[in-house]
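Asker: Each chain, letter by letter, is given below.
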Amino acid sequence: MTAAAEARSLGKDLTGLEGMPGETIRMILDTAEPFKEISERPIKKVPVLRGKTIVNLFFEPSTRTRISFEFAEKRLGADTVNISSVGSSVSKGETLVDTARNLEAMRIDMVVIRHGSSGAARFLADRIPSNVINAGDGRHEHPTQALLDMLTIRDRLGKIEGLRVCVVGDIVHSRVARSNIFGLRALGAEVGVCGPRSLVPVGIEDLGVTVFPHVEEAIEWADVLNVLRLQLERMNAGYVPSLREYNRVFGVTRARLERAPREVVVLHPGPMNRGVEIDSDVADGPQSVILPQVTNGVAVRMAVLYLLAGGRPELAEDAKRGEER
Amino acid sequence: MSGARRGDRLWIHGGRVVDPSQGLDGTADLIIERGRVAAIGPGLDRPEDARSIDASGLVVAPGFIDLHVHFREPGGEHKETIATGARAAVAGGFTTVWTMPNTDPPIDDPAAVGFVRTAGVAACGARVMPIGAASIGMKGEQMTEIGELVGAGAVAVSDDGAPVGNAGLMRRLLEYTQTFGIPVVQHSEVVELAAGGVMNEGSVATALGLRGIPNVAEAAMIARDALLSELTGGHLHVCHVSTRESVEQLRLARDKGLRVTSEVTPHHLLLTDELVRGYNTEAKVNPPLRTARDVEAVRQALVDGVIDVIATDHAPHHYEEKEREFDDAPFGINGLETAFGLCMKALVEPGHMSVARLIDRMACAPARIMGLDSGTLRPGAPADVVLLDPEEIWTVEPERFASRSRNTPIAGWRLPGRVRRTLVGGETRYEAEEER
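Chains as they are written, first to last, in this note's numbering: chain A, 1 to 325; chain B, 1001 to 1436.
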């Protein structure tokens, strides 16, 4: 394959955005555009993945990501099975490699996997011939979330290149942060991270990001804030003393946004802790694109499924019209 | 000698004898009688009745001594047994190994120590010397009956696999062991700082989204224990040093003249955390593979003698256990059979040290710091001898390991320096197959 052709192909799997060329990311976002419209129709279905079987393999609780994938799969006409198994495969008794072999034996076409261990999606992808999509592995990557974030930013601001995007909050435990960093930088954005130093991992600067110790500075710098959920467990594990103090020091509030030199667009991957990392009047205000993110999530996942199934980006318009390829 | 049977004598001739314990490096012959070195020097005639071994083109050296191996028996026989471990040891040129007590159940009473010794003798490989547990059940609470363990043959105490975290217990151990003249061997790690980490803390861990173990988790424990050694006068031996900060602490201890000794593994002398990329569980080890700066620091410390010896921390694991998610895979690298080649590649090939100095760090220095009568080819010493070909380039093929397990991150690597033959007590216990 030539370099250009390679950039226009996703390969077998989507396990992360690290190392993915900007051209490939742009292709996914462009492919998502025609799929947006399908979800606006009264009959939300095209037969692009008719006859394909997809397993949604969720080892961690998830509502919105799983539902978003399931809508995307169903709207493309695929047959889907959901397997939910909370806890690690080891505690369940069956190893992930055995799970992989069993899936392979059932001749499925694609697996969407969410797993608590970093690297689990890649582990599975290396062991089965089916396409594997990472729906979040430990604290490693959540590529479709970052893709929908980028699509939403592009919708709102018309571009990504040259923008300053700051990810705010619990960076150390966040797969969303990592995928955002890799993807946004590949598209030519400047990326910052902001949070208490106890939640910003050692060596993050080596990923090419600027670290902001104060949220006020981050807001002054940024065009876009991607605000991460602060989980209650972080307080119990001693990363921050209390949620109340976190809101005081790092919360994205109306008052802080009003002091910004320009209008800052606010994203949140959900689910939100209102009054902790983000105040309600920000989440529900005009700068928030949180609900468009959810809408775009389905379109981006349709694009990824379509491309991994071998669909060509230039034919996505035809696919939308429901024509057989 | 009267009563000597035919075959009791052995004449190893024509080799380059390298024995840093006597400052020897030159062509010489070796005569072995009844399992001990009888004579050493250039131009020794073949004694009547002696069998001969032609060592021309090879280095003849004291057998290597590994102060840190895990043989998994009892409880983990699917990974390694004392028999397979002892055979793997001689295949790596080791004639003595010290086994860690973190088996299931742990080696924390005299009967268990006796079991390891007996199984070691039966293995007909390297000499197997058991390290006893420092605390009952290795729980870090109550001291074991150290006198009884030593009586049964234990050579040291350790809770390796886990640190002795309780500073009060560590103090008592460093005091109490002085009666028996044995070291306290410490896996230096502040557990609260390691915090469930699975690899080195740093940019690779951050990119992979894996929990990191900071350098200071090791160095802080070494600092504490060195102070306790200073307080008590006890002999502290620090396992598998991996960080530059640890080297600073050890340098300070040496400058103060403390009874603190230490070891470094072959893998920490060459490999870095970059090897973990792709979630390579074969590179998952504790202490973790660090950065190039740390590798440079531990190498220099070994050259300078701040770190005394090389020890493998041979940690066999079944393939199925390594074929898991990174978080769930066990820590450990199978080290005995690649140690010499890896050290040649890390230290001798780039010119950091001579073959003679490497032999010192693998054979003589362990005997020196632990007061063993081996690690030398002086007349009277046990005839524990290794024949090496430092020039031979070979390929690491785990499927050919004598070890029961295959876990190594360097499968397929080409390494310089091959073990050709290993003798324990004058008996050949390993001989390399000739290449086709």
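No lab work stands behind these hints: they were computed from the structure. Quick caveat: nothing in here was measured; it's all calculated off a predicted structure. Do not take every clue at face value.
Taking CB as the label site, the calculated pair distances span [what the hints assert, rightly or not]: (1) B/E1192 - A/T63: 32 to 38 angstroms; (2) A/G285 - B/W1413: 56 to 62 angstroms; (3) A/E33 - B/E1077: 34 to 40 angstroms; (4) B/D1104 - A/M106: 34 to 40 angstroms.
For glycine and all other residues, C-beta sits at the position ideal for the given N, C-alpha and C.
Asker: Take the hints in turn and mark each one as holding or not.
Answerer: Checked hints:
{"no.": "1", "hint": "B/E1192 - A/T63: 32 to 38 angstroms", "in the structure": "34 angstroms, holds"}
{"no.": "2", "hint": "A/G285 - B/W1413: 56 to 62 angstroms", "in the structure": "58 angstroms, holds"}
{"no.": "3", "hint": "A/E33 - B/E1077: 34 to 40 angstroms", "in the structure": "60 angstroms, violated"}
{"no.": "4", "hint": "B/D1104 - A/M106: 34 to 40 angstroms", "in the structure": "37 angstroms, holds"}
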